[in-house]
Every structure is written in C-alpha cells, then in structure tokens.
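For the record, the sequence lines run as chains A and B. Under this note's numbering, the first residue of the first sequence carries the number 143, and numbering increases by one thereafter. Under this note's numbering, the first residue of the second sequence carries the number 50, and numbering increases by one thereafter.
By construction, these hints were calculated from the structure, which means they are not laboratory data. Everything numeric in this text was worked out from a predicted model, so none of it was measured. Keep in mind that the hints are not guaranteed to be accurate.
With a straight-line Cα cutoff of 30 Å, these simulated DSSO-like cross-link-like pairs (lysine-lysine) come out [as the list claims (entries may be wrong)]:
(1) B:LYS96 x A:LYS181
(2) A:LYS488 x A:LYS181
(3) B:LYS336 x B:LYS388
(4) B:LYS378 x B:LYS336
(5) B:LYS96 x B:LYS108
(6) B:LYS374 x B:LYS504
(7) B:LYS96 x B:LYS432
(8) A:LYS468 x A:LYS488
(9) B:LYS378 x B:LYS388
(10) B:LYS378 x B:LYS504
(11) B:LYS432 x B:LYS388
(12) B:LYS388 x A:LYS424
(13) A:LYS488 x B:LYS374
(14) B:LYS388 x B:LYS504
(15) A:LYS178 x B:LYS108
(16) A:LYS178 x B:LYS504
(17) B:LYS108 x A:LYS181
(18) A:LYS506 x A:LYS468
Beyond 12 Å from chain A on every Cβ pair, some chain B residues (computed) [unchecked claim]:
(19) ALA75
(20) LYS388
(21) LEU460
For every residue, glycine included, the Cβ atom is placed at its ideal position computed from N, Cα and C.
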Amino acid sequence: MPKSAASHAISNDISTDISMTEQQARIQQIVEDLLKIAKDMGASAAEAGASQDAGLAVNVRLGELETVEHTRDNSLGISVYFGQRKGSASTSDFSPQAIRETVRAACDIARFTTEDPYAGLAEAELMARQPPDLDLYHPWSLDVAQASALCLECEDAARGHDSRISNSEGASLNSGSGVHIYGNSHGFIGGYPFSRHSLSCAVVAEDESGMQRDYWYSVDRQGQGLDSPRQIGITAAERTLARLGARSLSTRQAPVIFRAEVASGLLRSLTGAISGGALYRKASFLLDHLGRPIFPEFVQIEEDPLQPRGLGSAPFDNEGVATRAKALVEGGVLQSYVLDSYAARKLGMQTTANAGGVHNLAIKSGELDLAGLMREMGTGLLVTEMMGQGVNRVTGDYSRGAAGFWVENGEIAHPVEEITIAGNLRDMYLNLIAVGSDNQLPGSTRTGSWLIGQMTIAGE
Amino acid sequence: MTTDLISQAQTAILEPTGLQLHHLDAALSRLCRPGVDLADLYFQHAKLESWVLEDGIIKEGNFSIEQGVGLRAVSGERTGFAYSDELSPAALMQAASAAAGIVRDGAEGQIAIARQQPVRALYPALDPLASLSREDKIALLQRVDQAARAQDPRVEQVIASLVAVLDTVLILDDQGRLSADVRPMVRMNVSVIAEHQGRREQGSCGGGGRADLNLLLADDFWLQLSQKAVHQALVNLDAVDAPAGSMTVVLAPGWPGVLLHEAVGHGLEGDFNRKGTSAFSGRIGQKVASELCTVVDNGALPGRRGSLSLDDEGTETQRTVLIEKGVLKGYLQDRHNAKLMGVAPTGNGRRESYAHLPMPRMTNTYMEPGQDDPEEIIASVQKGLYAVNFGGGQVDITSGKFVFSANEAYLIENGKLGAAVKGATLIGNGPEVMTRISRVGNDLQLDMGVGVCGKDGQSVPVGVGQPTLRIEQLTVGGTHA
Chain A
143 MPKSAASHAI SNDISTDISM TEQQARIQQI VEDLLKIAKD MGASAAEAGA
193 SQDAGLAVNV RLGELETVEH TRDNSLGISV YFGQRKGSAS TSDFSPQAIR
243 ETVRAACDIA RFTTEDPYAG LAEAELMARQ PPDLDLYHPW SLDVAQASAL
293 CLECEDAARG HDSRISNSEG ASLNSGSGVH IYGNSHGFIG GYPFSRHSLS
343 CAVVAEDESG MQRDYWYSVD RQGQGLDSPR QIGITAAERT LARLGARSLS
393 TRQAPVIFRA EVASGLLRSL TGAISGGALY RKASFLLDHL GRPIFPEFVQ
443 IEEDPLQPRG LGSAPFDNEG VATRAKALVE GGVLQSYVLD SYAARKLGMQ
493 TTANAGGVHN LAIKSGELDL AGLMREMGTG LLVTEMMGQG VNRVTGDYSR
543 GAAGFWVENG EIAHPVEEIT IAGNLRDMYL NLIAVGSDNQ LPGSTRTGSW
593 LIGQMTIAGE
Chain B
50 MTTDLISQAQ TAILEPTGLQ LHHLDAALSR LCRPGVDLAD LYFQHAKLES
100 WVLEDGIIKE GNFSIEQGVG LRAVSGERTG FAYSDELSPA ALMQAASAAA
150 GIVRDGAEGQ IAIARQQPVR ALYPALDPLA SLSREDKIAL LQRVDQAARA
200 QDPRVEQVIA SLVAVLDTVL ILDDQGRLSA DVRPMVRMNV SVIAEHQGRR
250 EQGSCGGGGR ADLNLLLADD FWLQLSQKAV HQALVNLDAV DAPAGSMTVV
300 LAPGWPGVLL HEAVGHGLEG DFNRKGTSAF SGRIGQKVAS ELCTVVDNGA
350 LPGRRGSLSL DDEGTETQRT VLIEKGVLKG YLQDRHNAKL MGVAPTGNGR
400 RESYAHLPMP RMTNTYMEPG QDDPEEIIAS VQKGLYAVNF GGGQVDITSG
450 KFVFSANEAY LIENGKLGAA VKGATLIGNG PEVMTRISRV GNDLQLDMGV
500 GVCGKDGQSV PVGVGQPTLR IEQLTVGGTH A
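Throw the hints in and build the complete structure from the sequences for me.
The structure is reproduced here in structure tokens:
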C-alpha cells in the first residue's frame with residue numbers, strides 16, 4: 143500500500159504506449175474519413191475535433207469505499223462550410239454509419255444558415271505543422287484498491303488532524319487519460335495523448351458556533367506530481383477549522399486581499415473581457431483598451447501554452463493554429479486580446495491562437511508573501527472564498543458573496559462570512575497594489591494573492 | 050395519451066443496435082450479485098438541434114446525437130458505476146462487470162422483467178425538433194431580432210437562440226421493473242445590448258418547457274421574451290449604484306424563487322441530510338421558516354421545465370412538501386438515499402445523462418401563495434430594495450450561506466418604487482432568512498422555464514417560483530455604503 147506520493151506507481155510500460163498510439167491512429171483515421179465525406183458531400187471546407195478518454199474515479203468517505211466510477215467518453219464534432227455558410231453537428235458514436243449521418247446533419251444545417259463573410263477556417267499558414275511534444279501523457283495504472291488506499295490515507299489525515307473535524311464528504315481520486323485529434327480541409331491534422339490526475343478531500347468541522355466545510359486538492363499530468371495524500375488531507379482540515387466561528391462584518395470600505403485561489407478568478411474575468419466574442423459584440427468593459435494601461439505599471443501577465451506537462455498546455459488551439467507564449471499585459475498596458483479566427487476577422491485583426499480559451503495564464507509575482515501583504519494592508523479583509531456570479535462583463539460591475547478573515551494591524555483577527563464585496567473591475571485592476579509571492583496553487587493559472595485598494599464590504 | 054412509451058423507447062434506443070431484452074436481463078443479472086441491494090441500467094438517446102441568430106443573421110446551427118447506457122450497482126453505502134456509449138451485448142456485459150466489482154464475485158441472480166407504464170404523462174411523447182420546419186424556426190428568430198430592434202433605437206446587439214431536444218430513456222432496475230420516458234424540451238433565449246451616450250448595458254430573458262416549439266408561438270411567448278430582455282437592458286442604462294448593507298428586501302414573483310432553490314432546496318436534498326452535512330440535517334419537525342411559508346417541490350406539473358413523468362430511476366414524480374407553515378416536513382429523495390434513511394423515494398432521483406450517477410435533485414421548487422396584495426407589500430416598505438430579476442445563485446450546504454445576484458432591481462422609498470439600481474448580490478443564511486419572511490403575496494408565479502441547476506458537476510433543468518415576498522433584513526451587496 144503506497145504511503146506517500148513519492149511511492150505512487152507510475153506506468154510507462156511499452157504496451158500502454160502502443161495501445162495509445164493505435165488509439166490515436168484510429169481516431170486520426172476517423173477524422174480524415176470524415177473530412178473526406180464532407181468534401182464528397184460538397185462542402186468547400188470542413189473541420190473536425192475528436193477525443194476519446196477513459197478513467198477511474200474513486201471516493202472514500204468516513205473510512206469506507208463509497209463510489210467507484212469507470213468513465214469512458216467519446217466525442218466528435220464537425221463544422222462544414224458551403225462558401226460562407228456554416229453548419230455543425232456532433233455525436234458520441236464513432237461507428238462509420240453514425241459518422242456519415244453526422245456529416246450529413248452538418249451539411250443539412252448549413253443549407254439554412256446565412257452567408258457570413260467572417261465565417262471559415264483559420265488561415266492555412268498559421269497551422270501547427272510541426273507541433274512540439276509537450277509531454278502531456280502520463281498514464282497511471284491504478285486499480286481500485288490502490289486508488290482507495292490513497293483516498294483513505296488522505297481522508298484519515300484530515301479526520302485525525304483535530305477533534306473538531308466531525309464529519310466528511312470524503313476524499314476522491316480521479317485519474318484519466320485519452321487522446322485529442324483535430325483536422326481540417328487545409329490538410330492539417332494533429333493530435334496528442336493527454337492525462338490528468340487529481341486527489342481531493344472535503345471535510346466538515348463543528349464547534350459551538352456551528353458547522354463549516356472546506357476542501358483542498360492537488361492536480362497534475364503525472365500521478366507522482368500530486369502532493370502527498372497526507373498533506374492534502376491536513377490542508378483540507380486546516381482550511382475548514384480556520385472558518386469556525388466566522389461572523390459577518392458591519393458595512394464598510396476597506397482594502398481587500400484576494401488570496402491566490404480567488405485572485406485567479408480576477409484573472410479569468412480579465413481574459414473573459416479581452417476575449418474576441420465579448421469584444422466584437424461590444425459586450426466588454428475593456429472594449430478599445432488595447433495599448434492602454436489597465437493595471438499599474440508593475441503588472442505583467444502572460445500566457446504560456448507550450449509549458450511541458452502544463453495542465454493548460456496545448457500545441458495548437460481548437461482551430462489547429464500553432465500556440466505560442468505571449469504577453470497579455472506588459473508594464474500594466476494591455477498588449478493582446480485573446481482571439482479565435484472568427485473574432486479576429488470581425489475585428490480586422492489576426493487570431494491569437496485562443497480558439498477554445500487561454501492556456502496557462504500567469505501574473506508576475508512580487509516580493510511579499512501573504513503575511514507580508516497582510517502587513518502591507520494593515521487593516522482590511524482577506525478573502526479566501528467567493529460565492530455566486532455577480533460579475534457584469536459589459537460594465538465591469540462586481541458584486542459577489544465572500545468569506546475569509548478580518549485582518550487588523552497585519553494579523554488575522556477573526557474569520558468572516560455572509561458578506562459581499564463590491565466595486566468595478568476596471569477600478570479594481572487599476573487599484574492593484576501588490577501581487578504576492580505565494581503562487582503555488584494547483585491548476586493551470588499561476589498567481590499570488592492580490593492586494594487591492596478600497597472596496598465596499600456589505601454585511602449586517 | 051396512450052402511446053406505449055416502452056415500445057417507443059425500445060424502437061429509438063435498442064432496435065438500431067440489435068440489443069434485445071434478454072441482453073438487458075443478462076446484464077442486470079450480472080449486476081445483481083449477492084450483497085447488491087439496488088441496481089439499474091439506464092439507456093438514453095438524446096438528439097438536439099439548436100440555432101443562433103446574431104448581427105441579424107443565422108450564424109450557427111448545430112445538430113447532435115448522444116446515446117449510451119449507464120449501469121449501477123449499490124451495496125449499502127457503496128456504489129459501483131460504469132457506462133458505455135457503445136450499445137452492444139459485449140459492452141453491456143463489460144460495464145456490468147465493472148459496476149458490480151464493488152461486491153465480491155458470486156452467483157448471478159435471475160430477475161423477471163416487468164413492464165411498468167407511467168400512470169400519467171405530463172408532456173406529449175413527440176419530437177419537438179420536427180414540430181416546426183427549419184424555415185419557420187429561422188423566421189421565428191428573425192422576428193425576435195426585428196421586434197427587439199424595433200422596440201427601442203438604443204438596442205444595438207441582439208442574440209437569439211432556439212434549442213429543441215428529444216430525450217428518450219429506458220430504465221431497468223433490480224426489481225425487474227422496465228420503464229420508459231420520452232421527454233421533449235424547448236427553450237429560447239434572447240440577449241440584447243443597449244447603448245446610450247457611451248454607456249452599454251445588457252438584458253436577457255429566456256423561456257420554454259417540456260413541449261414542442263409551438264409553445265414559443267402560443268400567446269406570442271417569443272415576443273414577451275424579447276420585450277423583457279430589451280426592458281431589462283434599458284432599465285439598467287439608467288441604473289444608479291446599488292445600496293450596500295442590511296435592509297428590507299421585496300422579491301418579485303416568479304424567477305426570484307431562486308431564493309428558495311438556494312436557501313432551502315439544496316439543503317433538503319436527501320444525500321446531504323443522510324450524511325449530516327446540511328445546515329438542515331436532523332431538523333424535521335422543527336420551525337425553520339416563518340409560519341407564512343409553505344414550500345414544495347413538484348415534479349408533476351404538466352409541461353414545466355423541471356417536470357418529469359418518471360424520474361431517472363423510474364419513480365413517478367410527485368408534489369413533496371418541504372416546509373409547511375414554517376415547519377420542516379421532508380427531504381428530497383432518490384432510491385439510494387431513501388433506502389438508507391428508511392423512507393420512501395420522492396421521485397427526485399435525477400442524473401445529467403447516462404454517463405452520470407443519479408442523486409437527489411430538485412424539480413420545480415416554489416412557495417405556495419399567501420394572503421397579501423403585492424402592491425400593498427411594496428407600499429409597506431419605508432426604505433428598501435425591490436428585486437425583480439436575478440441571474441443565478443449559489444449555496445454552501447453546510448454553513449447555510451447562500452447568494453443570489455439581482456440583475457434588475459429598484460429602490461423603495463416611502464412605499465414607492467424609486468430609481469433602478471445596478472446589479473447586486475444578496476447574501477444570507479438559509480434557515481435564518483426564511484424566518485424573516487414577513488409578508489407573502491397572493492400572486493404565485495412560476496418562472497418562464499430557463500433554470501439550470503448544477504450539483505457535483507451535473508446540470509439538470511429545473512423550475513422555481515414564488516409569490517411576492519417581503520424579507521426583513523437581507524444583506525445587499527452594492528457599492529453605495
């Protein structure tokens with residue numbers, strides 16, 4: 143029975159590799175056939191993406207195995223173009239007959255859509271003709287017994303950490319791998335295998351003030367890259383315990399630290415506002431801000447899609463366009479939008495290889511750790527959880543539920559909950575005072591905590 | 050409606066694959082090893098067609114088919130689950146072995162299949178994709194676009210979408226009970242952006258239900274959606290900063306019932322209460338709301354978005370009283386949690402698809418009407434907020450804290466509606482807020498049919514509703530302190 147992450151079994155044996163190579167070749171053939179069928183049916187252009195993955199999800203609760211799920215998913219989507227008219231269809235059935243019917247359905251749809259001068263594939267010269275190997279595939283040959291042992295170790299660590307941990311939602315291990323293929327009628331076809339493994343734990347703590355729940359997790363391309371089950375469990379327990387005794391605040395103005403796990407949401411709001419769809423619809427508070435300062439001068443934000451083993455890494459985007467590292471914000475100035483080819487044509491620009499989203503976002507860290515940021519803030523709010531939607535991308539208006547800690551003279555005074563924080567994202571970005579060095583979050587976004595000037599806190 | 054749903058489902062799902070009932074029986078027998086006390090096979094075939102209009106043109110159209118089977122074996126608190134999108138005897142047996150792997154190998158049982166026809170169908174077993182020609186679907190979207198733009202010159206952008214789904218399910222459970230449901234669903238969404246003197250605001254509205262596309266044409270339902278979306282965008286063009294702090298809040302009838310979904314509904318789902326992780330755990334029989342409040346979950350309303358003739362475990366849906374005159378009465382149950390808690394299932398076992406495990410979920414959740422005239426409720430407030438429309442909400446089941454975000458709201462001053470205010474999030478604690486409901490209107494409305502509920506990564510369509518409500522002291526998260 144493995145005792146720590148260091149002893150996790152990693153499988154890289156030849157047989158697994160051969161079967162994945164075969165699987166990749168088979169799906170690549172399906173995509174090629176499908177593009178040919180589209181051409182035969184008269185489409186002037188076509189593109190298709192297909193993926194197939196399989197995995198295991200195990201949950202252990204209160205020391206007992208609770209659920210075992212064997213997952214296996216197929217998906218295939220095609221878009222066809224008849225001149226400037228587009229039709230799309232998708233299926234989970236990879237049989238030759240279903241594929242033919244899917245292409246036919248897409249062609250039928252295209253008879254009814256309108257000519258759109260901006261419709262079409264991304265430009266042929268932008269295709270990732272020689273995609274780099276990003277080392278995204280590390281299958282983990284775990285059986286149910288091994289997976290549940292890891293979960294058990296994780297949950298035990300959480301439950302044993304403090305007598306106030308009174309209940310548990312359990313520990314879960316998810317492990318999966320598969321292959322993704324994209325091809326289009328430029329003659330481009332590319333694909334790569336991938337894997338993703340995660341271990342998480344959620345527990346409940348209780349004292350005279352009531353019940354609180356929190357969780358923690360680790361996620362990586364490699365099983366051996368996960369934090370130790372014990373560490374994940376202890377972190378989950380500590381996060382939960384810290385919330386006990388939380389109370390509301392009176393309504394006030396105060397500076398706010400967004401701890402790293404919620405600061406990443408502020409980065410996602412940024413990429414949403416500079417995404418092509420929001421811009422060409424004029425549905426963004428950052429419309430026409432390219433080349434203008436949107437942050438203080440110290441802020442650097444970049445996207446690095448080619449990071450080896452990165453959780454957000456991809457050698458090409460959803461249109462086959464070669465990805466590359468780029469600065470989104472430099473010296474506080476907005477340097478690039480995030481565009482697919484359609485939005486780019488609508489805006490009279492070129493695609494930024496962001497069809498399907500951004501890959502591995504990072505904001506440059508400063509010198510101060512979280513304790514340093516709290517000292518810098520003095521008295522204010524440390525937010526560790528956000529609730530609800532409450533972000534208006536058109537206006538930047540921001541109002542969300544929050545929980546965290548009230549900080550006085552640089553030290554945590556008490557946990558808080560049942561409050562909201564409100565402002566406008568445009569002001570919040572400009573009022574960013576510092577980014578912390580605490581940037582070791584799991585996931586594809588790398589950020590430290592953000593200290594932001596005055597916001598409105600509403601409470602009792 | 051006397052359609053034989055089981056035959057219809059067999060024709061749609063099994064026939065094209067060559068699967069026959071004896072294959073299903075064999076897989077069920079493999080699932081039902083000794084020690085397994087609940088098991089099922091869930092076959093699904095779903096086809097969907099959608100159209101999107103933007104910039105005045107039909108920009109996107111999509112057609113998709115998804116099908117597969119999910120197999121589950123439950124032993125005590127332990128669940129094994131596997132699914133396959135390949136429908137063949139071999140794939141079925143392989144998935145059955147994987148799912149049954151949670152219990153020791155043992156002799157396979159033998160179960161006789163009994164066909165169970167639903168007692169009542171809440172919607173027609175018709176294909177909504179075929180209910181209008183494609184020409185008519187497109188023409189309908191164009192009418193939405195034209196109506197929205199004609200309503201006000203400040204309307205700058207209109208996005209309208211139309212979705213029709215036919216979902217056919219066939220369920221075989223450990224009792225040998227074979228049941229089927231054929232579930233149509235349609236939905237239209239309208240989103241507009243209005244601009245005035247450099248200021249831009251968005252408005253959106255959607256609606257639909259378990260019916261065919263003629264639902265959108267009847268009583269110019271499509272026009273109402275378009276008008277409401279434009280109205281919301283225009284109101285927000287003049288909105289001032291929302292207030293911040295604790296104040297009296299009046300909620301309009303209908304969709305603001307998302308309050309009940311978050312503050313009450315989730316916390317009463319059987320799984321959280323079996324595990325003791327809900328703020329409502331162990332509180333049946335206690336007073337958890339003001340005595341003006343009677344809250345129900347009702348999956349048996351004809352044609353509603355959250356309705357189901359049978360739930361995803363083959364249990365007939367029903368009206369379940371959650372809170373009666375302020376007192377907590379019951380939880381929402383699927384078969385598994387009902388069995389472990391020693392109560393009857395309530396027809397709330399739902400799953401996003403064959404590839405997901407069922408769990409207790411809401412259907413249509415609403416508060417029964419009270420006595421008060423809605424205008425008098427507004428007039429009774431000296432100073433407060435009147436919230437008409439909301440985006441979504443979220444709840445922390447364990448602490449009971451919930452939020453929901455207003456996107457159309459007005460100040461109330463001296464009993465009269467004042468200026469429109471910008472969107473703001475409202476936050477409270479479920480069991481506490483329900484005790485502070487001081488007036489309940491006589492104007493119960495259900496929403497227009499647009500809700501999607503997410504839980505553990507699974508999305509299912511739901512409905513909400515309520516009459517006009519007055520709540521003493523709710524925290525409003527504006528910027529104007």
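Do the hints match the structure? See the list:
| no. | hint | in the structure |
| --- | --- | --- |
| 1 | B:LYS96 x A:LYS181 | holds, 25 Å |
| 2 | A:LYS488 x A:LYS181 | holds, 26 Å |
| 3 | B:LYS336 x B:LYS388 | holds, 26 Å |
| 4 | B:LYS378 x B:LYS336 | holds, 10 Å |
| 5 | B:LYS96 x B:LYS108 | holds, 20 Å |
| 6 | B:LYS374 x B:LYS504 | holds, 28 Å |
| 7 | B:LYS96 x B:LYS432 | violated, 50 Å |
| 8 | A:LYS468 x A:LYS488 | holds, 22 Å |
| 9 | B:LYS378 x B:LYS388 | holds, 18 Å |
| 10 | B:LYS378 x B:LYS504 | holds, 23 Å |
| 11 | B:LYS432 x B:LYS388 | violated, 49 Å |
| 12 | B:LYS388 x A:LYS424 | violated, 53 Å |
| 13 | A:LYS488 x B:LYS374 | violated, 57 Å |
| 14 | B:LYS388 x B:LYS504 | holds, 21 Å |
| 15 | A:LYS178 x B:LYS108 | holds, 24 Å |
| 16 | A:LYS178 x B:LYS504 | violated, 41 Å |
| 17 | B:LYS108 x A:LYS181 | holds, 21 Å |
| 18 | A:LYS506 x A:LYS468 | holds, 13 Å |
| 19 | ALA75 | holds, 19 Å |
| 20 | LYS388 | holds, 15 Å |
| 21 | LEU460 | holds, 15 Å |
The structure does not agree with the numbered hints 7, 11, 12, 13 and 16 stated previously, though it agrees with the rest.
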